[in-house]
Amino acid sequence: MSSRIFAIGLGSTPKRVLPGFGLSLGISLTFVSLMLLLPMTGLFGQLAGLSLAEYWAIVTNERVVASYVVTIGAAAVAAVVNAAFGLLLAWVLVRYTFPGKRLLDALMDLPFALPTAVAGITLATLYSSNGWMGQLLEPLGLQVAYTWVGIALAMSFTSIPFVVRTVQPVLEDMPNEMDEAALTLGASDFTGFRRVILPHLWPALVTGTGLAFVRSLGEFGAIIFIAGNMPYETEITALMIFVRLQEYDYAGASAIASVVLFVSLALLLAINVWQGRFIKRLHGGHG
Amino acid sequence: MRLPSLRRTLIAAALGLGLAAPAMAAEREILNSSYDIARELFAAINPEFRNHWQAEHGEQIGIQQSHGGSSAQARAILQGLRADVVTYNQVTDVQVLADAGLVAEDWQEKLPNNASPYYSTTAFLVRKDNPKGIESWDDLVREDVRMVFPNPKTSGNGRYTYLAAWGFAQQQFDGDEEQIHDFMRTFLRNVAVFDTGGRGATTSFIERGLGDVLISFESEVNNIRQEYGTDDYEVIVPPVSILAEFPVAVVEPNAERNGNLDLAQAYLEYLYSEEAQRQLAGFNYRVHHETVVEEFADQFPETELLLVEDIAGSWEEAMETHFGSGGLLDQLQRRR
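Heads up: the sequence lines are chains A and B, in that order. Using the numbering used here, you'd call the opening residue of the first sequence number 1 and step up by one each time. Using the numbering used here, you'd call the opening residue of the second sequence number 288 and step up by one each time.
Chain A with its partners taken away, still in its complex shape:
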């Protein structure tokens, strides 16, 4: 997104919108280097001590691989659930007025503000077999705490704002008349949603869901208290990294972390590329 804005600022208008472009770009680059590139370089610096075979042995360790499966599986479920409910929440917040709307809107940011460990402990308290929710669900044979369902729940909790907050502004910019027009032209409610509204929301929804997914991959605090951490069953990748650090094995920790990083980067990049094409196609049709 920001790169596109830059491109417009650089290319199409000789007079730059930002005052002091050189200075602001310099500061941005310094900031990015300090906050993002330097720690990443540090991470890869730790990897330098490993041979390729050693690296491969660490990241394909049986138990670590089991943790990828748990983490990615739970994160995917959490992301899909968040996509559906996040879209609904954003819709409700934008299109309707109801008492307590401001409160609900503010509540959406709570997972960002709350220390994740607090969220994890609260969820574990609620969903363990003697908790409020756990007591109700257990007789139905549904165990949440200390299973991968609990992991997905914690992930979903910490990452829902990503979906809501990315879809919300796009919905706000979309005039009501658009779906009204669709309806007056004879589209059914569902067709109107599918053919008119969804295509406009699609890029934002996919970005939000992707961010939520990536966020879930790295989450530690909220999950660790509800996961149960049983080997091969409910161990998340972040715990594997934590274990390596406990062993003073910085290289091993960095190796596993690099896998998470690659997956996250690849996904974010893919979404960005896809989004660029999608938007081109959307506007290419009529302009």
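Keep in mind that the hints are not guaranteed to be accurate.
[What the hints assert, rightly or not] Which bits of chain A does chain B cover? Going by a derived footprint, with three or more residues having C-beta under 8 Å, they are:
id, region
1, 58-65
2, 95-104
3, 113-120
4, 231-240
5, 247-255
[Unchecked claim] Not the full set, but computed from the structure, chain B residues with beta-carbon under 7 Å of chain A:
id, residue
6, Ser358
7, Lys440
8, Gln466
9, Val480
10, Thr483
11, Arg495
12, Gly496
13, Thr578
14, Phe587
15, Arg622
Derived from the structure by calculation, the hints contain no laboratory data. Beta carbons are placed, not taken as given, at the ideal position from N, Cα and C, and that holds for glycine.
Got chain A sorted already, so can you dock chain B onto it with the hints?
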């Protein structure tokens, strides 16, 4: 008329602060890097040491505390935290500092009892009236028993529990490897949840009602029982368990740079004094001072304490063969 007087007061206050500040800066201060659950302990001991030092040397001193998982604490020092002394619950975490040259190579000989002013062992906390009749380690491998103890992969406390069970099995099966491994496999399978640290395991056992038994340091299970109700829980000290040392050491390069070498050394020596040992016993730690040992004899049942050295050779070997990646613990927990 009021305003000038107010201003005078303010100026006087500012001057007072200005005068007090250098005096405060001159006061020497040591930083004690310690393990997570020692907060209350050192909050009780530190004021006593301050008084003791003042009485002996007429000098006001300050003591800062830093608490966390002791491996994380040691890592912080490796990365430059200028702690003067360390008081940990794992020998390996002091050894890491010694290997990095931050603590004397022969640190275990610098103070009595392997530089461990107090010790503890691994014990059980069971629910009211001990419904499952748990008395020793072999009760824990029964089909109907579920237990909670922190993950040996992330917690020194958990490593002690694992090694104690191993030591028991070694005795029981006369060192027969296959039988020991079978015992340990069942033992590990009976774990309800693996929390990353001792406090997390306590929460799982007490608040969530998970498991029939919580395994932790004897000091910790006694403290938990005192906190959550002496009527609701019972402490069981098994007839065979493990010696858990609480090693201390001066971080010499740091103490020297901070000009605190004498103070740091005296602080650690003070932990061996009768007063400090009495306070430690009050926190349910086992101590060495004879008078205090006699005083608290009822509180600490006699039990055979196995040494880590006898169970696994040394801490270094235990970390490598048992707890390292691909080690025995990993093998025993492998899916089959």
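We went through each hint and held it up to the structure:
Only residues whose C-beta sits within less than 8 Å of a C-beta in chain B count toward coverage, and the region 58-65 of chain A has 4 of them, enough to reach three; the restraint holds. Residues of the region 95-104 of chain A lying with their CB closer than 8 Å to a CB of chain B number 0, which falls below the three-residue condition for coverage. Counting residues of the region 113-120 of chain A whose beta carbon lies closer than 8 Å to any beta carbon of chain B gives 0, which falls below the threshold of three, so the coverage claim is violated. For the region 231-240 of chain A, the proposed coverage by chain B is satisfied: 3 residues have a C-beta within less than 8 Å of a C-beta in that chain, meeting the threshold of three.
For a cut-off of 8 Å, the count of residues in the region 247-255 of chain A with a CB near a CB of chain B stands at 4, and the three-residue condition holds. Here the hint on Ser358(B) is kept, as its CB sits about 5 Å from the closest CB of chain A, short of 7 Å. Satisfaction of the interface hint for Lys440(B) is found here, the shortest Cβ-Cβ separation to chain A being roughly 5 Å, below the 7 Å cut-off. Checking Gln466(B) against chain A by beta carbon gives a least distance of about 22 Å; that is not within 7 Å, so the hint is violated.
At about 4 Å, the closest approach between the beta carbon of Val480(B) and any beta carbon in chain A falls short of 7 Å, and the interface hint on this residue holds. With its C-beta approaching chain A no nearer than about 6 Å, Thr483(B) sits inside the 7 Å limit, and its interface hint holds. With its C-beta approaching chain A no nearer than about 4 Å, Arg495(B) sits inside the 7 Å limit, and its interface hint holds. A distance limit of 7 Å between C-beta atoms decides the matter here; for Gly496(B) the minimum to chain A is near 5 Å, and the interface restraint holds.
Using the Cβ-Cβ criterion of 7 Å, the hint placing Thr578(B) at the interface with chain A is not satisfied: the shortest such distance is roughly 39 Å. Because the smallest distance between the Cβ of Phe587(B) and any Cβ of chain A comes to about 30 Å, over 7 Å, the interface hint for this residue is violated. With its C-beta approaching chain A no nearer than about 5 Å, Arg622(B) sits inside the 7 Å limit, and its interface hint holds.
This entry does not satisfy hints 2, 3, 8, 13, 14, going by the numbered hints stated previously.
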